[in-house]
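Trainee: The listed protein sequences correspond, in order, to chains A and B.
Going by our numbering, 127 is the number at position 127 of the first sequence; the sequence numbering is gapless.
Going by our numbering, 191 is the number at position 191 of the second sequence; the sequence numbering is gapless.
Please keep in mind that the hints were generated in silico from the structure rather than gathered at the bench.
None of the values given here were measured: they were computed from a predicted structure.
Do not take every clue at face value.
Just so you know, same-sequence chains aren't split out, so a pair can sit in one copy or run between any two.
Claimed, not checked - List of simulated lysine-lysine pairs, DSBU-like, C-alpha gap at most 35 angstroms:
id, residue 1, residue 2
1, K298, K218
2, K277, K169
3, K277, K335
4, K277, K36
5, K277, K77
6, K169, K185
7, K169, K2
8, K77, K336
9, K288, K2
10, K53, K298
11, K77, K298
12, K169, K208
13, K53, K218
14, K277, K2
15, K288, K336
16, K336, K185
17, K185, K335
18, K185, K298
19, K218, K36
20, K288, K208
21, K218, K48
22, K277, K336
23, K277, K288
24, K208, K48
25, K36, K298
26, K48, K298
27, K277, K53
28, K298, K335
Number of protein chains: 2
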Amino acid sequence: MKVAIVGASGAVGQEFLRVLDEQQFPIDELLLFGSKRSAGRTYTFRGKEVTVKELQHNDDFRGVDIAFTSAGAGTSKEFADTITRHGALMIDNSSAFRMDDDVPLVVPEVNGDDAFNTPRNIIANPNCTTIQMVVALKPINDLSPIRRVHVATYQAASGAGAAAMDELKTQYGQIERGEDPTVEKFAYQLAYNVIPHIDVFQDNGYTKEEMKMYFETKKIMHAPGLDVSATCVRVPVMRAHSEAVWVQTESPVSLDEARAAFASAEGVVVVDNPAGKEYPMPLFVADKDPVYVGRLRKDLTDPCGLSFWVVGDQIKKGAALNAVQIAQYMLAHGKKF
Amino acid sequence: MKVAIVGASGAVGQEFLRVLDEQQFPIDELLLFGSKRSAGRTYTFRGKEVTVKELQHNDDFRGVDIAFTSAGAGTSKEFADTITRHGALMIDNSSAFRMDDDVPLVVPEVNGDDAFNTPRNIIANPNCTTIQMVVALKPINDLSPIRRVHVATYQAASGAGAAAMDELKTQYGQIERGEDPTVEKFAYQLAYNVIPHIDVFQDNGYTKEEMKMYFETKKIMHAPGLDVSATCVRVPVMRAHSEAVWVQTESPVSLDEARAAFASAEGVVVVDNPAGKEYPMPLFVADKDPVYVGRLRKDLTDPCGLSFWVVGDQIKKGAALNAVQIAQYMLAHGKKF
């Protein structure tokens, strides 16, 4: 299979290289694309050097089977036609097409079959916070339909890119040396702080990040009546997001039922042994594939409510891994590339 | 007035010294008490050196009008009789007596008058997370009774004491130098991490910290039917706690009504101008007196729901300042010491 990565030098692009290899994805030829700035860089994939080509409006995607794109919504919109017109399937990590009716928005554990309905040859990868949440919502929703979700996030620096991760690390050194910390990638100093502001504010007072959780969850779960109210907060953590979640189901779900459903759910690992101080934490989930669920308990305000804590690696399941898993799901279910 | 501070060398004890001075609290004589270990240390208050005496079962509290105690629940229980038997009013920062029926639990902006009903000469200062939350709940509850609250916290290291704050700072230096970070004050490394575990776990899967928010809120607000489901999380921040809050009221409250209520509420400062990137953050609320509220918006899952973000200094309003404000409230309302 001929596979392309667009945005190869970014944090997610680099993760695509690692994940495709870890997952032993069947690749005959790998092409890397990037901006003019990153063109010419070389990366090693399975022992072979691959040089980044500049993404341009030409026929470079002729013969490509799958293009994993992660170069921002603007680039995805501008180059979608160039990428797909010769038949390549574009699995896009940006927000460009997520809410388009003719583009499926896919988390394989939840709605993998939607990936087969691609009139535009585009599949959208959801936002990182949504992916890890819906993986955890699915097993509960199968027991009793979820009516509403309250979620507060604890989001890692990685969501803002590799340079943002560097900035956070640099800030601690600067503070230690008594220097003014550099603040470029976040609205404010993130070291020793939390910032309740991710992506731009909308008219209703929610951020775009929070509204992604609202809209994307409905679409992925085929549940227009499932409402989500999110508060998204950046915390000084490197690369895994955590979420405090409350769900209200149509009928009561017992803790035993919920625990059993999580334990057998695809993509979920339950870490929930309070007596042994075992619960998921972002420091230890970094670089891991699954979504970790713990702190399961009844919502004390609601007989139909449950509360739990969800942690997932933002760059892996929140981005590159989910996109690769979409392609794997299609292969496993008979798609020929 | 003769005032004593018990636990004078701790983080909250030291804050009592600063707050009593800042607030120009009327003190004729200040006595400091501590453990055997801290006895003999001297601190300067209003230009005079005061030596810490060892807390013992003797008559040292004879003549004391108010004792601010913050030396842990065990010490408070053991010494309550010694402290109060000659008539001193004990304003206790520990959890020892908070839920006792004959001990009022007071946040002056919410239930100041409860401070006048003290059959045991003891008033309890609520838990830090509860204090800042109820200050923000009160103005909404006055518009329409609150039925339930969902709250996710982002709690600073200071809640675990001065040594815990030092440990967090030390961890960043150790990580920078490639050393293994020291982990003694928290269950796990806090640097670059968040830990969904504060205080011990209860049988229902909630931590004691989370259940404090449940029980204390009911008592302070005189609202046995007001339920709170909390997820309490330690974050790598120094001394201000943040909280993502959702409230459900009996009847709908508009954003304009809520905003006006917050703006005129005692002890609340509204910082809520998303367009100007203005919202409360713990780094900038450290060492400030009020409770800061921002990110006000409708709960997207509930026509009777509101969501907002509350930040307060854990050592000030969450501990020492609230205790001093209880005494100030009593003085302003006719109490003679």
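Trainee: Classify it for me, K218 with K48: is the Cα-Cα distance of at most 35 angstroms met within a copy, between copies, both or neither?
Mentor: neither (42 angstroms within a copy, 65 angstroms between copies)
Trainee: Measure nothing new, just compare the shortest in-copy and cross-copy C-alpha distances for K298 and K218 to 35 angstroms and report within, between, both or neither.
Mentor: Close inside one copy (24 angstroms) and across copies (19 angstroms); limit 35 angstroms.
Trainee: For the identical chains here, do K277 and K53 meet the 35 angstroms Cα criterion within one copy, between copies, both, or neither?
Mentor: neither (49 angstroms within a copy, 38 angstroms between copies)
Trainee: Classify it for me, K288 with K336: is the Cα-Cα distance of at most 35 angstroms met within a copy, between copies, both or neither?
Mentor: Answer is within; shortest intra-copy Cα gap is 29 angstroms, inter-copy 62 angstroms.
Trainee: Treating 35 angstroms as the Cα threshold, decide for K36 and K298: within, between, both or neither.
Mentor: neither (53 angstroms within a copy, 44 angstroms between copies)
Trainee: With 35 angstroms as the alpha-carbon cut-off, assign the pair K53 and K298 to within, between, both or neither.
Mentor: Neither way: K53 and K298 sit 53 angstroms apart in one copy and 47 angstroms across, limit 35 angstroms.
Trainee: At most 35 angstroms between C-alpha atoms: does K218 with K36 qualify within a copy, between copies, both, or neither?
Mentor: neither (37 angstroms within a copy, 61 angstroms between copies)
Trainee: When Cα atoms must be at most 35 angstroms apart, do K185 and K298 count as within-copy, between-copy, both, or neither?
Mentor: between (38 angstroms within a copy, 29 angstroms between copies)
Trainee: Classify it for me, K277 with K288: is the Cα-Cα distance of at most 35 angstroms met within a copy, between copies, both or neither?
Mentor: Result: close both inside a copy and across copies, 20 angstroms intra and 34 angstroms inter.
Trainee: Checking K336 and K185: alpha-carbon separation at most 35 angstroms within a copy, between copies, both or neither?
Mentor: So K336 and K185 fail the 35 angstroms test inside a copy (41 angstroms) and across (55 angstroms) alike.
Trainee: Reference check for the pair K77 and K298, CA-CA at most 35 angstroms: within, between, both, or neither?
Mentor: between (43 angstroms within a copy, 32 angstroms between copies)
Trainee: With 35 angstroms as the alpha-carbon cut-off, assign the pair K48 and K298 to within, between, both or neither.
Mentor: So K48 and K298 fail the 35 angstroms test inside a copy (52 angstroms) and across (54 angstroms) alike.
The structure shown violates the earlier hints numbered 3, 7, 10, 13, 14, 16, 17, 19, 21, 22, 24, 25, 26, 27 and 28.
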